[in-house]
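Trainee: Read off the chains here:
Number of protein chains: 2
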Amino acid sequence: MSSTDLHVVVPAGGSGTRLWPLSRAANPKFLHALTGTDRSLLQATFDRLAPLSTAERLLVVTGTAHATSVIRQLPELPERNILVEPFARDSCAAIALAAAVIEQRSPGAVMASFAADHLITNTPAFTQTVRQAVEGAAAGRLMTIGITPTRPETGYGYLRLGEPAQPGTVQNVLEFKEKPTAEVAEEYVAAGYLWNASMFLWRTDVFLAELAARRPDVHDPIRTIARAWDGDDQESVLAEAWPTIPKVAVEYAVMEPAATEGKVATVPGDFGWNDIGDFETLGELLGRDVEGARVVDVTPESPPVLVVDGDGVIAVPTSSRVIATLGVTDLIVVDTADAVLVCRRDRAQDIKKLTELLRERGHAAHV
Amino acid sequence: MSSTDLHVVVPAGGSGTRLWPLSRAANPKFLHALTGTDRSLLQATFDRLAPLSTAERLLVVTGTAHATSVIRQLPELPERNILVEPFARDSCAAIALAAAVIEQRSPGAVMASFAADHLITNTPAFTQTVRQAVEGAAAGRLMTIGITPTRPETGYGYLRLGEPAQPGTVQNVLEFKEKPTAEVAEEYVAAGYLWNASMFLWRTDVFLAELAARRPDVHDPIRTIARAWDGDDQESVLAEAWPTIPKVAVEYAVMEPAATEGKVATVPGDFGWNDIGDFETLGELLGRDVEGARVVDVTPESPPVLVVDGDGVIAVPTSSRVIATLGVTDLIVVDTADAVLVCRRDRAQDIKKLTELLRERGHAAHV
Numbered sequence: 048m049s050s051t052d053l054h055v056v057v058p059a060g061g062s063g064t065r066l067w068p069l070s071r072a073a074n075p076k077f078l079h080a081l082t083g084t085d086r087s088l089l090q091a092t093f094d095r096l097a098p099l100s101t102a103e104r105l106l107v108v109t110g111t112a113h114a115t116s117v118i119r120q121l122p123e124l125p126e127r128n129i130l131v132e133p134f135a136r137d138s139c140a141a142i143a144l145a146a147a148v149i150e151q152r153s154p155g156a157v158m159a160s161f162a163a164d165h166l167i168t169n170t171p172a173f174t175q176t177v178r179q180a181v182e183g184a185a186a187g188r189l190m191t192i193g194i195t196p197t198r199p200e201t202g203y204g205y206l207r208l209g210e211p212a213q214p215g216t217v218q219n220v221l222e223f224k225e226k227p228t229a230e231v232a233e234e235y236v237a238a239g240y241l242w243n244a245s246m247f248l249w250r251t252d253v254f255l256a257e258l259a260a261r262r263p264d265v266h267d268p269i270r271t272i273a274r275a276w277d278g279d280d281q282e283s284v285l286a287e288a289w290p291t292i293p294k295v296a297v298e299y300a301v302m303e304p305a306a307t308e309g310k311v312a313t314v315p316g317d318f319g320w321n322d323i324g325d326f327e328t329l330g331e332l333l334g335r336d337v338e339g340a341r342v343v344d345v346t347p348e349s350p351p352v353l354v355v356d357g358d359g360v361i362a363v364p365t366s367s368r369v370i371a372t373l374g375v376t377d378l379i380v381v382d383t384a385d386a387v388l389v390c391r392r393d394r395a396q397d398i399k400k401l402t403e404l405l406r407e408r409g410h411a412a413h414v
Numbered sequence: 048m049s050s051t052d053l054h055v056v057v058p059a060g061g062s063g064t065r066l067w068p069l070s071r072a073a074n075p076k077f078l079h080a081l082t083g084t085d086r087s088l089l090q091a092t093f094d095r096l097a098p099l100s101t102a103e104r105l106l107v108v109t110g111t112a113h114a115t116s117v118i119r120q121l122p123e124l125p126e127r128n129i130l131v132e133p134f135a136r137d138s139c140a141a142i143a144l145a146a147a148v149i150e151q152r153s154p155g156a157v158m159a160s161f162a163a164d165h166l167i168t169n170t171p172a173f174t175q176t177v178r179q180a181v182e183g184a185a186a187g188r189l190m191t192i193g194i195t196p197t198r199p200e201t202g203y204g205y206l207r208l209g210e211p212a213q214p215g216t217v218q219n220v221l222e223f224k225e226k227p228t229a230e231v232a233e234e235y236v237a238a239g240y241l242w243n244a245s246m247f248l249w250r251t252d253v254f255l256a257e258l259a260a261r262r263p264d265v266h267d268p269i270r271t272i273a274r275a276w277d278g279d280d281q282e283s284v285l286a287e288a289w290p291t292i293p294k295v296a297v298e299y300a301v302m303e304p305a306a307t308e309g310k311v312a313t314v315p316g317d318f319g320w321n322d323i324g325d326f327e328t329l330g331e332l333l334g335r336d337v338e339g340a341r342v343v344d345v346t347p348e349s350p351p352v353l354v355v356d357g358d359g360v361i362a363v364p365t366s367s368r369v370i371a372t373l374g375v376t377d378l379i380v381v382d383t384a385d386a387v388l389v390c391r392r393d394r395a396q397d398i399k400k401l402t403e404l405l406r407e408r409g410h411a412a413h414v
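Protein sequence lines correspond, in order, to chains A and B.
Here the first sequence stands for residues 48 to 414, numbered as in the numbering used here.
Here the second sequence stands for residues 48 to 414, numbered as in the numbering used here.
By construction, these hints were calculated from the structure, which means they are not laboratory data.
One or more of the hints may lead you astray.
Pairs involving identical chains hold if they fit within one copy or between any two copies, as the list cannot separate such chains.
Unchecked claim - Below, a list of computed lysine to any residue pairs in the SDA-like style, where the Cα atoms sit at most 25 Å apart:
#: 1; residue 1: K294; residue 2: A384
#: 2; residue 1: K224; residue 2: K399
#: 3; residue 1: K294; residue 2: V345
#: 4; residue 1: K399; residue 2: T376
#: 5; residue 1: K400; residue 2: T376
#: 6; residue 1: K294; residue 2: A412
#: 7; residue 1: K399; residue 2: S366
#: 8; residue 1: K399; residue 2: D356
#: 9; residue 1: K399; residue 2: Q175
#: 10; residue 1: K224; residue 2: T197
#: 11; residue 1: K310; residue 2: T346
#: 12; residue 1: K399; residue 2: V355
#: 13; residue 1: K310; residue 2: Q218
#: 14; residue 1: K399; residue 2: V337
Every value quoted in this text rests on a predicted model; they were computed, and no experiment measured them.
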């Protein structure tokens, strides 16, 4: 098959809490221009994917909270390809909804799903890897694109292969591994494991059959909804069926158990992938050097930052306020309209906990 | 004389740059409620001084920039007792203007001058010390109230006496000492030197005679202005004479040289004096303990502060923004409408330099 027959799905959800207070429940990171250009991560994702498909085959799945922003950022997408969930039911529901709607429209189609908030620096290499993975999907495999690790990262899940990774080839995935400890991450990287970047490709009929067998509690309401999607009953069917769907990740519901049965494969990829998951990465990728700081400009105004006798400061100014630091090192300082974060750099992974505490303490409006 | 004959002067100037960005050129610390009550430092100063005098004999000297705020904060002060300088000419001009105006109105009066932005916790002890110092002033001495040091502070000037300090008695001051290094400050405290808190008392005729002899360049225009002050020519005389007055501190112009001639005396005082000169002091005096932080509430709203795995954080929230810190220790974090400061606690004395840099870099509006 030609990859222009490919249906491309972008689930645009999640609030990116490790980037709080920049990324918010109300204004998640995929809506931000964190790409070094004035395009948001979501827009950059579609820019990258457009050559792999056509506007008629590009879909986004998002929630009611962000539908307006998503729709405004993607004016080229047909209305029927913007799937709005009533509320979030985790990744399995989102991706299964897209698969089932595509299956209704084009039975047995190949679909690929990519997150809305990742950066990729080498688009030609990415495109080539996707085209190779499409072949595996067309042949009936549940495909994932495994990322060649560049460090023993504890923030990602890993894929264990049956043989050494060979970029550009379809290889069996024996096992999905959860986010490891630092020590275990070292072992994984040494053993040639790949990062799981939640990039999936499959025939919609193959995926839905797997889902039906393993999780009828997700599959059945989703199929009911999908059959009604392009008709007049969408709203009433959604209202009835959607709340019954359990919250579960697609890895846990389908990919992990399918891998143990030899049904999952990967094409190892190496194309400058980054999920901009935290301020460390943001500073590294998009910061500019200013005295002892990396300043990340997320607004065109470049608000003033003054670092005196400091070093290793990551500053993210988003307002016209001055950020001034004196004598501090290895800190993250983020200033937004309603919250100021000061965080030791080696604690950047724990910002999610901070947002949970804020909710507990009654400051949910700031999260 | 009775101390109710005392004329009390409060010079309300200076921007308190070591408290930037809380204290601003446009909104200096004496206008802030940093007293633990809803009274500003300026108001608390007048509350403390009122029993020593009468409203008719309480004067404030301030600049055009803050005149409106000062006038609104002190509705009980007669209009003629609010002396507004066209622009700042340092402390000698401010205090000499008050002395000369008082001399015009009540020749040979005793006046006392106290800063607008100091905290005193033991008002009865303060009042008693002032009454003792009034006796020395009435007898023709240039009096200062020396503060019994509680630590080897490098942020204040010191007074060297001719004999061990005896609280409640009038004693000769041999020498004024500039702000010392840490090592020298230790020596001063060990040797029984007192802090100079710029509290001065004298007969206006005595002070003006000293000024005439030492600094006619200050004295002569000030006397010309004072003669016109209560008449119709105030504005035109001010416009002509004020700009000619050199900028000089009263210690340097009068008190230091007079001390070397044996004309200066002190009553040592110990009444919980603090100048709230920096965030260390502010946190110590007015902070409340919140997890690993001292939170200073300068607004009635008590904005939310969340300190996770932190210690020794001094947080000054002034808006409805959340301040959240993660894994940081011994930091000062100040959030205001147009600036965020993050400063290592042991660098609190250098915040003034930061404001100078901000001016140099074109951000004077934030200072």
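Trainee: If a hint holds in the structure, say so; if it does not, say that too.
Mentor: Taking the hints in turn, this is what the structure says about them:
no.: 1; hint: K294 - A384; verdict: neither (32 Å within a copy, 41 Å between copies)
no.: 2; hint: K224 - K399; verdict: within (21 Å within a copy, 53 Å between copies)
no.: 3; hint: K294 - V345; verdict: neither (33 Å within a copy, 45 Å between copies)
no.: 4; hint: K399 - T376; verdict: both (22 Å within a copy, 20 Å between copies)
no.: 5; hint: K400 - T376; verdict: both (23 Å within a copy, 18 Å between copies)
no.: 6; hint: K294 - A412; verdict: within (24 Å within a copy, 51 Å between copies)
no.: 7; hint: K399 - S366; verdict: both (23 Å within a copy, 23 Å between copies)
no.: 8; hint: K399 - D356; verdict: between (30 Å within a copy, 14 Å between copies)
no.: 9; hint: K399 - Q175; verdict: neither (35 Å within a copy, 57 Å between copies)
no.: 10; hint: K224 - T197; verdict: within (17 Å within a copy, 61 Å between copies)
no.: 11; hint: K310 - T346; verdict: neither (45 Å within a copy, 62 Å between copies)
no.: 12; hint: K399 - V355; verdict: between (29 Å within a copy, 12 Å between copies)
no.: 13; hint: K310 - Q218; verdict: within (11 Å within a copy, 96 Å between copies)
no.: 14; hint: K399 - V337; verdict: between (27 Å within a copy, 21 Å between copies)
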